[in-house]
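Protein chains: 2
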Amino acid sequence: MNTRPLILISNDDGYDAKGINDLANFVRDLGDIIIVAPDGGRSGTAMAMTSASPVRVKKVREEEGLQVYACSGTPCDCVKLAFEFLLPRRPDIVLAGINHGDNAAVNVHYSGTMGVVIEGMMKHVASVGFSSCKRAADADFSALRPYIHHIVAKVLAEGLPNHVCLNVNFPERDTFGGVKICSMDAGQWLNEWEKRTDPHGRDYYWLTGNYETPNANDATTDRWALDHGFVAITPIQLDMTAYRAMALLKNYF
Amino acid sequence: MNTRPLILISNDDGYDAKGINDLANFVRDLGDIIIVAPDGGRSGTAMAMTSASPVRVKKVREEEGLQVYACSGTPCDCVKLAFEFLLPRRPDIVLAGINHGDNAAVNVHYSGTMGVVIEGMMKHVASVGFSSCKRAADADFSALRPYIHHIVAKVLAEGLPNHVCLNVNFPERDTFGGVKICSMDAGQWLNEWEKRTDPHGRDYYWLTGNYETPNANDATTDRWALDHGFVAITPIQLDMTAYRAMALLKNYF
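If you read the sequences in order, they're chains A and B. For what it's worth, the numbering used here labels the leading residue of the first sequence as 1, then goes sequentially. For what it's worth, the numbering used here labels the leading residue of the second sequence as 254, then goes sequentially.
It should be emphasised that the hints constitute simulated quantities derived from the structure, not laboratory data. Just so you know, not all the hints are guaranteed correct.
[Unchecked claim] Just a few of them, taken from the derived set where beta-carbon distance is under 10 Å, the chain B residues facing chain A:
| # | residue |
| --- | --- |
| 1 | R295 |
| 2 | R398 |
| 3 | Y400 |
| 4 | D456 |
| 5 | Q490 |
| 6 | Y496 |
[Stated by the list, open to error] For lysine-lysine, the following DSBU-like pairs were computed, each having C-alpha atoms within a straight-line distance of at most 35 Å:
| # | chain 1 | residue 1 | chain 2 | residue 2 |
| --- | --- | --- | --- | --- |
| 7 | B | K503 | A | K123 |
| 8 | B | K376 | B | K271 |
| 9 | A | K18 | B | K503 |
| 10 | A | K18 | B | K448 |
| 11 | B | K503 | A | K154 |
| 12 | B | K271 | A | K195 |
| 13 | A | K123 | A | K18 |
| 14 | A | K18 | A | K59 |
| 15 | A | K59 | A | K154 |
| 16 | A | K250 | B | K448 |
| 17 | A | K123 | B | K312 |
| 18 | A | K195 | B | K503 |
| 19 | A | K59 | B | K311 |
| 20 | B | K376 | B | K312 |
| 21 | B | K312 | B | K503 |
| 22 | A | K195 | B | K448 |
| 23 | B | K407 | B | K376 |
| 24 | B | K407 | B | K311 |
| 25 | A | K123 | A | K154 |
| 26 | B | K311 | A | K123 |
| 27 | B | K448 | B | K312 |
| 28 | B | K311 | A | K250 |
| 29 | A | K195 | A | K250 |
| 30 | B | K312 | A | K250 |
| 31 | A | K250 | A | K123 |
| 32 | B | K271 | A | K250 |
| 33 | A | K18 | B | K271 |
| 34 | B | K271 | B | K448 |
| 35 | A | K195 | A | K154 |
| 36 | B | K503 | B | K448 |
| 37 | A | K58 | B | K448 |
| 38 | A | K195 | B | K376 |
Ideal placement from N, C-alpha and C gives every residue a C-beta, glycine not left out.
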């Protein structure tokens, strides 16, 4: 009987992105790996699901201790399909990434990478997302290797609290000031669109923008940690209830 | 100078859904309304954004106190475009819905309706999402009218705490036991796919599923409130940090 841990990996950059293949290589010795990832880029798809059309999946690679499936759906779809049809049993851990581009701060709400992780958490499996400020398709993630290996080994050994997952982000540079446990920075995106005019005189809009935080000097946030060279580990919870607002609202209605 | 409140409305069922037009009618006397909504159904798109292709928007209707725009993007895109290009000034409130289908419990994570609301909250505008357990395209939402009017008037007058928004869900039936301020039920979806085989012998998968909660008897949750005939108002916060896990994690890494 195979007693090696079972590791499910997905992402939002697609099964053939460098980041997901690096991630699988970095933790290969820790368990059997099944990758179920989108068949192309799905950045910024959050926890979107595919309900208006059917989803397809195909095995694209298989070797000792590693299977790779490509799915026509979203990152969330990948996790849901994996649990129901593709995994031989419940996985011991769900990993996402390495995302080409960070998912710190409010980006946890938009991130397909974190969609994978939140879906895994919802299914009561310890789940961790890895993202790097390096955006290039051929980014060198080798400096992340010891950190990722340590974090995955630790979570496999110790687990995570129920309905808590991890959002791990790495700075742009290759030497880190260590690891910081952070809170989610609560800034916002501004100047979010670039307006253009097509050759037929009609306007269209490209999503872009710059992130602005009112908390730039708050050393407890993940944004601060990244800006100061730390590996940022932000614990994220399923429950979004604003308990602090409940008493006020009971007076409202 | 126009001093009437400015109300931005979006949804994930599309600008021509019955629910969004009912919502606009129900609050028409409370302010000037600008609808910016997807040009078709975008159910279950969460906070997905459109980054791989450009987005287009067109005005489809204009009358005294009401403008309607249809956008090719996601619910989140609609809010972002509205703030940057379509609204004459920052709105006094952002509304979403009425969604055909409830968005209680963990569905806040998947819901395009709540994507609208979370985006509005991120931009520091009081934001409220309305959803009904009634799924039919021609659902009769008239019983919701006094509740929606009261909630919107109250929030326009009193505001909401910073980075807190409201997820309001209505039961299937037409008489309600009153309003309950709730927490987000933390169940999960099971049996999420229906597997079919196409005429060419290839498998494909339709998203479906049934929601299961371990908290069925917990009368504090939104799921319980809906199941017992109450209007469920769940305050939702931007900050997803699992503060309770931070001390543990500091020992981990």
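These are the hints, each one checked on the structure:
1. R295: With Cβ-Cβ at 8 Å, under 10 Å, it holds.
2. R398: Status violated, d = 16 Å.
3. Y400: holds, 9 Å
4. D456: Nearest chain A Cβ about 7 Å off; hint holds.
5. Q490: holds, 4 Å
6. Y496: For B:Y496, the interface hint holds, since the closest Cβ of chain A sits about 7 Å away, which is under 10 Å.
7. B:K503 / A:K123: holds, 25 Å
8. B:K376 / B:K271: holds, 27 Å
9. A:K18 / B:K503: holds, 30 Å
10. A:K18 / B:K448: holds, 31 Å
11. B:K503 / A:K154: holds, 12 Å
12. B:K271 / A:K195: OK: B:K271 and A:K195 at ~31 Å, within 35 Å.
13. A:K123 / A:K18: holds, 27 Å
14. A:K18 / A:K59: Roughly 18 Å between the alpha carbons, so the hint for A:K18 and A:K59 holds.
15. A:K59 / A:K154: holds, 30 Å
16. A:K250 / B:K448: Measuring from Cα to Cα gives roughly 45 Å; hence the hint is violated.
17. A:K123 / B:K312: With a Cα-Cα distance of about 42 Å, the restraint between A:K123 and B:K312 is violated, given a limit of 35 Å.
18. A:K195 / B:K503: violated, 45 Å
19. A:K59 / B:K311: Outside the cut-off at roughly 41 Å; violated.
20. B:K376 / B:K312: It holds: about 23 Å lies between the C-alpha atoms, which stays within 35 Å.
21. B:K312 / B:K503: Roughly 52 Å separates the two Cα atoms, so the pair is violated.
22. A:K195 / B:K448: violated, 42 Å
23. B:K407 / B:K376: The given pair, whose Cα atoms are some 20 Å apart, holds under the 35 Å limit.
24. B:K407 / B:K311: Judged against 35 Å, a Cα distance of about 32 Å means the pair holds.
25. A:K123 / A:K154: holds, 20 Å
26. B:K311 / A:K123: violated, 40 Å
27. B:K448 / B:K312: violated, 40 Å
28. B:K311 / A:K250: violated, 40 Å
29. A:K195 / A:K250: violated, 44 Å
30. B:K312 / A:K250: violated, 39 Å
31. A:K250 / A:K123: holds, 32 Å
32. B:K271 / A:K250: With Cα atoms ~30 Å apart, B:K271 and A:K250 stay inside 35 Å; holds.
33. A:K18 / B:K271: violated, 45 Å
34. B:K271 / B:K448: holds, 31 Å
35. A:K195 / A:K154: Answer violated: A:K195 to A:K154 is near 47 Å, above 35 Å.
36. B:K503 / B:K448: violated, 44 Å
37. A:K58 / B:K448: holds, 14 Å
38. A:K195 / B:K376: holds, 20 Å
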